[in-house]
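Given the structure of chain A, go ahead and fit chain B onto it with the hints provided.
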Amino acid sequence: DGGITQSPKYLFRKEGQNVTLSCEQNLNHDAMYWYRQDPGQGLRLIYYSQIVNDFQKGDIAEGYSVSREKKESFPLTVTSAQKNPTAFYLCASRSSGYYNEQFFGPGTRLTVL
Amino acid sequence: AQKITQTQPGMFVQEKEAVTLDCTYDTSDPSYGLFWYKQPSSGEMIFLIYQGSYDQQNATEGRYSLNFQKARKSANLVISASQLGDSAMYFCAMRDEGAGTALIFGKGTTLSVSS
Chain A
13 DGGITQSPKY LFRKEGQNVT LSCEQNLNHD AMYWYRQDPG QGLRLIYYSQ IVNDFQKGDI
73 AEGYSVSREK KESFPLTVTS AQKNPTAFYL CASRSSGYYN EQFFGPGTRL TVL
Chain B
56 AQKITQTQPG MFVQEKEAVT LDCTYDTSDP SYGLFWYKQP SSGEMIFLIY QGSYDQQNAT
116 EGRYSLNFQK ARKSANLVIS ASQLGDSAMY FCAMRDEGAG TALIFGKGTT LSVSS
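Chains as they are written, first to last, in this note's numbering: chain A, 13 to 125; chain B, 56 to 170.
Chain A extracted, bound-state conformation (with noise of 0.2 Å):
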């Protein structure tokens, strides 16, 4: 079945450590996004990719950084320069269809401890 995975479903980080996010696709799409969720917020958008070894910052990039070296995958680290990492991640990609709807992968739930 075609798809987004996320990777862990809940991640735990002690202040100061870098964390990575992991995002992989298989729908062919090339254009990736990164959102932040806060609770009983909308959601934000990080990072976005529309090309491999191409990516732009969004509205909150700050302290967060992004690769895309493969067109399947579109890892996020979370770094220590982020002051408020803990929310809910969730990774998307968008769909070449009349539509361009992105789909959405389960979420990363990142606490820091």
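Because the hints were derived from the structure by calculation, they are not lab data. Some hints here could point you the wrong way.
Claimed, not checked - So the derived list for chain B, only partly shown, Cβ under 8 Å to chain A, looks like this:
#: 1; residue: Arg-150
#: 2; residue: Gly-155
#: 3; residue: Ala-157
#: 4; residue: Gly-163
In this text, all values refer to a predicted model and were calculated from it rather than measured experimentally. Just so you know, even glycine gets a beta-carbon here, dropped at the ideal spot from N, CA and C.
For chain B alone, coordinates are given in the frame of chain A:
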């Protein structure tokens, strides 16, 4: 700047009743796309329905329909014959053409369906 506003933090409805979730948007682009997503307690985002700014008819997908009023810049989601499984958070979103067609989301509406 583009913006999505959802003014209903929570809505309550009984099974088999219809419910309308409000969404207003702001954009200066003549061409835009509007989406509704459902987020159950598991956290995944499920695409429900799409409305393009130039679509002549209001979008429908099964029990979901979109009441699109372009002049008022509103795109309300109508769920007919509510079911217990409809209990979730619902987000209205707009495509941001300036950010790789990422989505701009509203803050969401929590829908609770009771028996």
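- Go through the hint on Gly-155/B and say holds or violated, using the shortest Cβ distance to chain A against 8 Å. It holds, given that the least Cβ distance between Gly-155/B and chain A is near 4 Å, below 8 Å.
- Interface hint for Arg-150/B, Cβ within 8 Å of any Cβ on chain A: 7 Å, holds
- chain A contact restraint on Ala-157/B - CB to CB distance below 8 Å: With Cβ-Cβ at 5 Å, under 8 Å, it holds.
- Message: Min Cβ distance, Gly-163/B to chain A: is it shorter than 8 Å?
- Response: 6 Å, holds
This entry satisfies every hint, going by the numbered hints stated previously.
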